[in-house]
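Trainee: Combine the two chains into a complex, taking the hints into account.
Respectively, the protein sequence lines represent chains A and B. Quick note on numbering: the numbering used here labels position 354 of the first sequence as 354, and the sequence is numbered without any gaps. Quick note on numbering: the numbering used here labels position 265 of the second sequence as 265, and the sequence is numbered without any gaps.
Calculated directly from the structure, the hints in this document are not laboratory data. This structure is a prediction, so every number in the text was calculated from the model and none was measured. All residues carry an ideal CB built from backbone N, CA and C; glycine is no exception. Heads up, a few of these hints could be off.
[To be verified] Quick list of simulated restraints, FRET-style, between CB atoms: (1) 494(A) <-> 41(B): 47 to 55 Å; (2) 297(B) <-> 440(A): 37 to 45 Å; (3) 406(A) <-> 223(B): 54 to 62 Å; (4) 440(A) <-> 223(B): 33 to 41 Å; (5) 383(A) <-> 105(B): 27 to 35 Å; (6) 31(B) <-> 407(A): 54 to 62 Å; (7) 447(A) <-> 104(B): 38 to 46 Å; (8) 494(A) <-> 297(B): 27 to 35 Å; (9) 76(B) <-> 399(A): 44 to 52 Å; (10) 399(A) <-> 104(B): 52 to 60 Å; (11) 308(B) <-> 383(A): 26 to 34 Å; (12) 22(A) <-> 5(B): 47 to 55 Å; (13) 351(A) <-> 41(B): 41 to 49 Å.
What follows is the residue order along each chain.
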Amino acid sequence: MTKNTVWVLAAILTVVGTLMFLYKWLVLGFPLYEKQEIPAWTVETTIRFDSGPGSIKVNLQIPNLTPGFGKLDHYSVSKNFGFGVNYAGGGREAQWTVRRADGQQTLYYRIVVYEDKGSQQSDTTPPFPIPPLINEPLRTAVEVLVAEVREHSADPASFTAELLRLINNPSPNSNIELILADARSSADLVQTMTTILAFARIPARMIRGLVLQEQQRDVTPVPWLEIHDGDRWRYFNPTSGDEGLPENYLIWWRGSDPLIQVEGGSNVVVSFAAQKNYLDAMAIAEKRAEIEQSPLFDFSLYSLPIQTQSVYSVILMIPIGALIMVLMRNVVGVDAFGTFMPVLIALAFRETQLFWGMVLFVLLVAMGLSIRFLLERLRLLLVPRLASVLIVVVLLMMLVSILSHKLGMETGLSVALFPMVIIAMTIERMSVVWEERGPGEAMRAGVGSLVVAIVAYLAMDVNWLEHLIFAFPELLLLVLASVILLGRYTGYRFTELGRFKAMGRD
Amino acid sequence: MLPSVKRLRNAGVLGLNERNSELIMRLNPRRFFPRVDDKVLTKKLAIEAGMAVPELYGVIDNQGDVRKFAQIVEGRESFVIKPAQGSGGDGIIVIASRTRRRRDSFRTAGGLLITQEELEHHISNIVSGQYSLSGGKDAALIEYCVQFDPLFEQVSYQGVPDIRVIVYRGYPIMAMVRLPTRSSDGKANLHQGAVGVGIDMSTGVTLKGVLGNDVVDEHPDTGASIAGLRIPQWDFILQSSARALEVTGLGYVGVDMVIDRNLGPLILEMNARPGLNIQIANGVGLAGRVARIDEIYNAGDDTATRARISRREFTADRQESLPLGDVAA
Chain A
1 MTKNTVWVLA AILTVVGTLM FLYKWLVLGF PLYEKQEIPA WTVETTIRFD
51 SGPGSIKVNL QIPNLTPGFG KLDHYSVSKN FGFGVNYAGG GREAQWTVRR
101 ADGQQTLYYR IVVYEDKGSQ QSDTTPPFPI PPLINEPLRT AVEVLVAEVR
151 EHSADPASFT AELLRLINNP SPNSNIELIL ADARSSADLV QTMTTILAFA
201 RIPARMIRGL VLQEQQRDVT PVPWLEIHDG DRWRYFNPTS GDEGLPENYL
251 IWWRGSDPLI QVEGGSNVVV SFAAQKNYLD AMAIAEKRAE IEQSPLFDFS
301 LYSLPIQTQS VYSVILMIPI GALIMVLMRN VVGVDAFGTF MPVLIALAFR
351 ETQLFWGMVL FVLLVAMGLS IRFLLERLRL LLVPRLASVL IVVVLLMMLV
401 SILSHKLGME TGLSVALFPM VIIAMTIERM SVVWEERGPG EAMRAGVGSL
451 VVAIVAYLAM DVNWLEHLIF AFPELLLLVL ASVILLGRYT GYRFTELGRF
501 KAMGRD
Chain B
1 MLPSVKRLRN AGVLGLNERN SELIMRLNPR RFFPRVDDKV LTKKLAIEAG
51 MAVPELYGVI DNQGDVRKFA QIVEGRESFV IKPAQGSGGD GIIVIASRTR
101 RRRDSFRTAG GLLITQEELE HHISNIVSGQ YSLSGGKDAA LIEYCVQFDP
151 LFEQVSYQGV PDIRVIVYRG YPIMAMVRLP TRSSDGKANL HQGAVGVGID
201 MSTGVTLKGV LGNDVVDEHP DTGASIAGLR IPQWDFILQS SARALEVTGL
251 GYVGVDMVID RNLGPLILEM NARPGLNIQI ANGVGLAGRV ARIDEIYNAG
301 DDTATRARIS RREFTADRQE SLPLGDVAA
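Isolated chain B, as found in the complex (with noise of 0.2 Å):
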């Protein structure tokens, strides 16, 4: 049985349509896209911004230095290999260790067994722009791989948890974190079977999850409860966000953060066209919380203050949140 046009509506449930023309259209100005789809270029804003983010070993971005690769990657256990121009993680290979038999072997997250000889075909498809949203010339990132915090261990098949923070004129309005699964094939997109679990933003606690268009409570492969995680450093992750607009330009962008056991929260990626499954992970609406902001909106808030504001409006009512009939069999 599907719900009504009006009573998703009441929910405040933010559709497609209204996404592209309402909130991308209007407050991400397409000259500002390069800053967050060419990650080589996110990467350089962040740092001058002095936001945190995974160093970089290496960028490749002609087919002649693809055999630069193996000097590039000398000496390092696990790295991550990405397009700079992907999206929806398309094209990433996590390299989580080489193996002991075979010199040029590497061992993927998802334990696969990987040759250089691989590898260096598939940083070429990215090279020759497989990935790239325009299909034209692009490059291959080779950067640090996260070693994910301890806390989300009994969540996560393999691969890194990451955080999405959407954020909206400054303020973060939403956040999620997607848990990646065995079907996600580690990675951590909703897309490709990732969990994206709802979070409190006034207190970086974990709510429900959702696993495509369904609530889910538990990690699919582990069975761990997803609920109640207390994110860490939680203030600073709002913080950072709350910078994107700053950094971008832009007034509707999705932050994608990490958390590294030793270096803390680490923003990943941008995303100026950030997804909509965050609102059946939060069971909110963004539509209502964007009209709020723009309610209560003040240019002269610096990010410290958005960050409060957003803690201080956005409070999970647990109760609503996390009622018995939702939880998934």
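Just chain A, same shape as in the assembly (with noise of 0.2 Å):
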């Protein structure tokens, strides 16, 4: 019952682990890596006008679904001006009201967008278009060329090719000059494709957006062909044919609505420029699961003063070298000194450096024990002796630390507070173990000791490791699990089969 027991509580220490991991790291986007960075731009547009007599609204088309970007933030810089946000039929508008304002003025709306390629948001299915009404004789001439592409197409996506194709042809027929004679511009192009999708009832829209490159001022929003296959909206190039989006190409706002109206205004101008920078993913995670408003972020250790983050990073290791010391000791067999001291020791090379970690401990062990041994001559009790020892300890740290800096080597100096205290007890307990079971046993569980140290300290020295337990602490609940796993294991250790090995023959 017991071993169910335990297998249920790993079985679902693991799930939570591993579901609460999947979620940070695919939904809010926690980096696996340590200073992910994620190319991002700020799109700032600039509207000019002149103000008229009586109250003003400005509403400004600004994106809403964003494929291949996510959103960071967005703010507006206006004085005066009542600012707020509405969805609108081509996505989203932003709106600046005043009561009245004098001469000219300018008024901001700044976006943070980041590249997440990811990021689908396809809008929902849309209804089959009513066919336009088209006067004659356009009428006819649309009609010819809705057959005409539709003999040679299958699909809606191959009929919108199609279209493209004919209608870019550098030597276009007569109906297509008769359908193209009033479009001046690209989008004026895609307006009248539209119109003719509609007409073949393919429901299509015209997209504008802008591509986005390192920096720009004066970027001029670019018009694409957007049809909707009775499954997913599908982007095509108006002037090529070709399927698919521009590289970096943030849709601002969709249908044929014009970007912005004003009323009770005129002269307007509106200007856009980008800015690329890079962000760190980690920021990008906490805005977003402050967007999503996942407790997850509150919750996490990001939330803590850089401070208290920085111990929590150490401190956070301390289960990995615990699962080592497990394995070690119950898988492997090895002997070594107290339950957890190797694991101290480990965390004590953290602040030396393993070589020279090493080398000062060995040292101090070994002239601690010596002094410990003089000690013992002396006849003291147990705990005067361990003070003794420990006062020892700290003169021959300092006496490392000034000799190490007078021969030029700053390492030494590193030794801090905390390595003090283990070594004074490695000695205490290697020095008992050395007189009652003799320095053979004393050397192997000291070796043992240092054996485990030096491996667990090159695990929970992996900075991704570190960096992936202090963004994902849930995938402690997974070292719990494996430890809780090896709690009931009852195979033989490793080292015991060399010790059983006169057994094993027959």
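Mentor: So, in structure tokens, the structure goes:
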């Protein structure tokens, strides 16, 4: 029964840990690697106009659904104007309002977006469009064109591609010339396309967006064609007929509505500027969690003060050391002092670096041990003897630090408060074993402790692991689950194979 | 070349992890541990149960009483000082005699001279908890030094050889003799270099020995053969050990006994976490014997019946336990 309980407990811990990990990684976008940076753009829209005598209302189309991008933040800079965001036909609108204003007005709208290849953000499926009313003789031209294109296509996508091919033919036939007679800009062209597609009962609309580069001023929105094939929205280059969106194309608004509508103002000028920079993936995840109102972030370690965070990044590695300890003791079967002494030694190594840590450790333990044996002759009681060892270790460390400084090696200086206590404890433990079980056993357990400490140190020193555990502390639930399972490991330890080798012969 | 896991399993070898989780944690409730970890208590319980134990001369359980030591050993030629909560034989000093030359000097079983002052320092260390499992306050026992039976004279290097019997749910399932060597400093502890010798449960005759993790059949110091020795009062030893279940409440316990020249088998101490080298000494795994007891376990068996069942069930197959190839060079 206990066995089953253990399995169930471990399974629950594993599932909970994994789910939390996957949610934070895939949904909130917590980075798996340290210092992962994601390209982000700040796009600034500047609106200038001369104010009229009455109240002013400005509506600006702003990005809503943006495939390939995630929205981090947006805000407006405007004096005296009230600011709000509404959902409208083409997506979202920013609205500025003021009772009265004098002279030229300037409004700014800034949005911060970051690259997010996984972001699909498809719109809902639209109804079939009502065939538009077109007057003769244009109507006949459109009918002929649609019939011709339908002949050469199989589905909405190929229809669109074929249509665009014909339209963009450098030597168009008379029907197309007639249809395109009024199309002066590429936006007009796309608008005409949507009319023809609507005539063919294919839902289509114009999208306009910005092609983001490193640093740009006066970016002009590029019109693009979007059709729905009954399943999902597809994008077409209106001038070449190729399917897909341009690289770094930020969809600003959809539909044929104008970018801006100003009531009570004139001489409206809108311009876009973009600036690329790199943001820490962690900061983006933080923002995103805030937008999604996920409690996981509020209760994550990133909400702690920086100094506490750095302490925790060390503390959170202790379970990894403990796991190593369990493996080394119960599966490999290495002899070591105490239960967690090697993990503490490994922590001490973090402050001194491995090589110098080992040198210092062996040196100090050897010196401390010999001093302890000198003290032994004085027949001191246990506690005063321990205290004497501690004092001697302090003096020895001081000497090591001064000497190494004089020799120009700075490592000795990093011997800190924490390693000192651990070394004093190790010396005491080792000398007791030495006396009672002989030097052989003491050396074996000493070397065993050192080996476990080195392995634990190496595992705890993996920067990537440290970051991973810090960003996803729920992974410690998996560590806990494995430790619990190892607690029910009743198989042989590796060293027992050697110990009982006489019994393995037949 | 290491043996495969499968091969050890087939030999019924019990590993540390399995011992800890399947035997100790299952059968030995923690609240009963003081009954074996505190030797003063063990002695008291054993006497109440009518078991033979070495006479207790005195207990020193605080630093102020350390000076009473001389008074306790007044007129005693030999005695043993041990920590009440020690483990693995740590902290035990065996005084074999007093020296002629100086009044306050003693001679250990290992032949070293030791002054009264040094002994008092040792007792003071014991009391302050140096050998205690928990590291807390401890007491020092001063008790009768067993005059060991001449049977083991040829196969011991000083010190007192003892007999370890593993008792599973009240049934003795395996036994060995532990012989002190020069390197174990007269202590009968396998970890410190003593030789363990397997015993045929049905007859009480010694089989072969183990030194460290290797099989031997001669004593490393005296060179005498350690196999084929008949242990006296074997049935009494088995019955006494079987009683350990009732005395301690522990289902998996190691009982350590010594054979005194005059007093016969005496119970020295009991252990709630007996070691596993006994398997090498006997050439048989414990797991198989544990499984056999589980099959035939009967809660109504009294100690005599349980001892008899052990003698019947666990006969050593001599051909298998002493193969020619296993004789150490």
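Trainee: Looking only at beta-carbon atoms, does the pair residue 297(B), residue 440(A) fall within the given range of 37 to 45 Å?
Mentor: holds, 41 Å
Trainee: Just tell me: holds or violated, for the beta carbon distance of residue 308(B) and residue 383(A) against 26 to 34 Å?
Mentor: This hint is violated: roughly 52 Å between Cβ atoms.
Trainee: Tell me if the beta carbons of residue 447(A) and residue 104(B) are separated by a distance inside 38 to 46 Å.
Mentor: 41 Å Cβ-Cβ, so the 38 to 46 Å window holds.
Trainee: Given the range 54 to 62 Å, decide if the beta-carbon distance of residue 31(B) to residue 407(A) lies inside it.
Mentor: Given about 57 Å between the Cβ atoms, the range holds.
Trainee: So the hint says 27 to 35 Å: do the beta-carbon atoms of residue 383(A) and residue 105(B) match that?
Mentor: Because 28 Å falls inside the window, the suggested range holds.
Trainee: CB of residue 494(A) to CB of residue 297(B), is that within 27 to 35 Å?
Mentor: holds, 33 Å
Trainee: So the hint says 47 to 55 Å: do the beta-carbon atoms of residue 494(A) and residue 41(B) match that?
Mentor: violated, 37 Å
Trainee: Regarding residue 399(A) and residue 104(B), is the given constraint of 52 to 60 Å on their beta-carbon distance met?
Mentor: Given a distance of about 41 Å, which is not inside 52 to 60 Å, the answer is violated.
Trainee: Between residue 22(A) and residue 5(B), does the C-beta distance stay in 47 to 55 Å?
Mentor: violated, 36 Å
Trainee: Could you check the hint for me, namely that residue 351(A) and residue 41(B) are 41 to 49 Å apart, CB to CB?
Mentor: holds, 45 Å
Trainee: The hint says 44 to 52 Å between residue 76(B) and residue 399(A); measuring C-beta to C-beta, is that right?
Mentor: holds, 49 Å
Trainee: Quick check on a hinted range of 54 to 62 Å for residue 406(A) and residue 223(B), using CB atoms only.
Mentor: holds, 58 Å
Violated hints, listed in ascending order, are 1, 4, 10, 11 and 12; each of the other numbered hints is respected by the structure.
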